[in-house]
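For reference, the chains in residue letters:
2 protein chains.
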Amino acid sequence: MQEKLFSIGIDIGGTNTSLGLVDLNGKILAEAYLNTRQFNHPDDFIEGIKEKLSPIIQQFGKDKIVGIGIGAPNGNYYSGNIELAANLPWKGVIHLKKKMEKALALPTTLTNDANAAAIGEMIYGVAKGVQDFIMVTLGTGVGSGFVANGKLIYGNDGFAGELGHVIAVREGRPCGCGRRGCLEAYASATGIVTTAMEFLQQEEKKMDVAIPKDFLVDVWRKNKTVTSKDIFTAAKVKDPLAFEIFKFTGDILGQTLADMVVITSPQLIVLFGGLSLAGDLLILPTKKSMEKNLLSIFKNKVSIVPSHLNHRNAAILGASSLVFQQKLS
Amino acid sequence: MQEKLFSIGIDIGGTNTSLGLVDLNGKILAEAYLNTRQFNHPDDFIEGIKEKLSPIIQQFGKDKIVGIGIGAPNGNYYSGNIELAANLPWKGVIHLKKKMEKALALPTTLTNDANAAAIGEMIYGVAKGVQDFIMVTLGTGVGSGFVANGKLIYGNDGFAGELGHVIAVREGRPCGCGRRGCLEAYASATGIVTTAMEFLQQEEKKMDVAIPKDFLVDVWRKNKTVTSKDIFTAAKVKDPLAFEIFKFTGDILGQTLADMVVITSPQLIVLFGGLSLAGDLLILPTKKSMEKNLLSIFKNKVSIVPSHLNHRNAAILGASSLVFQQKLS
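Protein chains in written order, with the working numbering: chain A, 1 to 329; chain B, 1 to 329.
Be a bit skeptical, because a hint or two may be false.
Below 35 Å or equal to it, Euclidean Cα-Cα: the simulated DSBU-like pairs (lysine-lysine) are [stated by the list, open to error]: (1) A:Lys98 to B:Lys27; (2) A:Lys151 to B:Lys236; (3) A:Lys301 to A:Lys238; (4) A:Lys301 to B:Lys98; (5) B:Lys91 to A:Lys288; (6) A:Lys301 to B:Lys27; (7) A:Lys247 to B:Lys98; (8) A:Lys151 to B:Lys301; (9) A:Lys91 to A:Lys4.
None of these hints come from the bench; they were simulated from the model.
Let the hints inform the model, and build the full structure from the sequences given.
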């Protein structure tokens, strides 16, 4: 019988950091949370993590813990550093792996959040046993992890898998990265809000004539803005504009995925993150657009499925699985 | 000392088939050629190969030959079949691996020509020892082989790496695959001729006024068409239109490569095939366009280099290396 082993997963987000102790079956046995923004310096942040982790490590036994896996924006697998992450409160290059290993004396592995999610999906989720798949995280931004031959592609510099920065619309919308037309500018929570605002501004021009009474228009008239949650709610009450917004988003996401399929020929595309909670509202138009745009030899071969992992736990599982993946491979 | 071992490489092209016996250092010790089109049935073709190979196998000793590697259009690594290859004289699915193993009693490996070239480059060429690179073959069509974590990506169905069918220009030129705007419609030998014809037709509208006397215009006036060779020759005599054509082609190729770099983060992009013989004429505008379009974290990290393998031998080497790669990995 396999000895009972554990790993620690830490998911560092711009607002919250979640940490947990996980067993080989993906069961979270202890967890804790920190407010990322309350730490002005990465050293204080690591001290904060240490405070939370120490009692957990003591309880389960340090010799039973194989290591710490961390998923973080711009986390680099090779260097173990967080490099120039726009959404974190600390600037520049943070030598996180080195600092963590010094603070906690446990082997530490770092990667970006989308890569961690991909490995989590490969070990515990719908991609279990799948050799070739693409993990797409649709959150505030768009991230991805590409798995080929059963291994995550880190690439030459550790930054591979930036699907959010493939140009989906040549000379399209401005993106946070400084370029134009990136997938992230369309298929993220912020992208879908931009789409809604564009559509609503077009509606406004017609309003004096048509005066539609739909949900989103009402919200917009009241607040002069809408949120991604408003768009979800509008779709639930069958606002036609909300369906149009999801169709537009799915069209663009599907086109870009069709271009990715010819490169890595995945068995599966897994969607994860806030926007993926829209489920079929997003997946159906995405799938339709992908199939329409696919090179014929790939048609009807690639599934698009939502992650089945609990969204709150998935980040911890993904990060913790980094360690198990290394140990078991 | 390592025993002297050999492998046989066969490159099946629409017009010619080349075969050769190769040692571990990539030295071709015997070779032969067939006219692919003279065989009406794949069984006759295999008989033809057997006739050419038998004396070579006898000379070097069957027990010293580790196997046969074949690169062919639409060759599938997993199934060992050629599936629906538009450029070959035989239709449908050809069980090539099975038939070859029966005919010659040597283990046989099949893949598509661009994948074979990628492995050849990894074993004998500029990508020796490189874990992450993209091989791009710019011939009549555009093919590619993506290598990540030191392994070629075959994908779930064995057809991965179809860079030629990434959409470079949304709703662009018609492509042979039935869709529009594929990279192949722009960055292949046929694509560059289409570009030249488009440019020349635009020139014609201005001709009554300007009457340019440049090389390509002259060829076109005489023949009402141009070839890719004419475009090369025109560039050599410094015809400005030829430079414009290469710049246009490099712009589009560079844009598409920028989108690929964010996915697999290669150390190197290797160009191979007829169009790559244009060298800096094509590489400089491609590199410039790729850098301009790259997400900033990837800027100035990725080299674009021409293959250094002799073009006549490279196909045999690539195919033969399929066998060595399997044996040595």
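(message) Against the 35 Å threshold, does the CA-CA distance of lysine 247 (chain A) and lysine 98 (chain B) hold or violate the hint?
(response) violated, 46 Å
Sort out whether lysine 238 (chain A) lies within 35 Å of lysine 301 (chain A), counting only the CA atoms.
-> Holds, because 31 Å separates the two Cα atoms, which is no more than 35 Å.
**OP:** Below or equal to 35 Å on CA atoms is what counts here, so check lysine 301 (chain A) against lysine 27 (chain B).
**Re:** violated, 41 Å
Assess, step by step, whether the Cα of lysine 98 (chain A) is no farther than 35 Å from the Cα of lysine 27 (chain B), and give holds or violated.
-> violated, 47 Å
_Next pair to validate is lysine 151 (chain A) with lysine 301 (chain B); report whether the Cα-Cα distance is within 35 Å._
holds, 23 Å
Run the distance test for lysine 91 (chain B) versus lysine 288 (chain A): straight-line Cα separation, threshold 35 Å.
holds, 30 Å
CA of lysine 151 (chain A) to CA of lysine 236 (chain B), is that 35 Å or under?
-> With a Cα-Cα distance of about 46 Å, the restraint between lysine 151 (chain A) and lysine 236 (chain B) is violated, given a limit of 35 Å.
Hint check: lysine 301 (chain A) vs lysine 98 (chain B), CA-CA at most 35 Å. Holds or violated? This hinted pair holds, its Cα atoms lying about 25 Å apart.
Restraint status (C-alpha distance of lysine 91 (chain A) to lysine 4 (chain A) at most 35 Å): violated, 39 Å
Checked against the numbered hints above, the structure violates hints 1, 2, 6, 7, 9; every other hint is satisfied.
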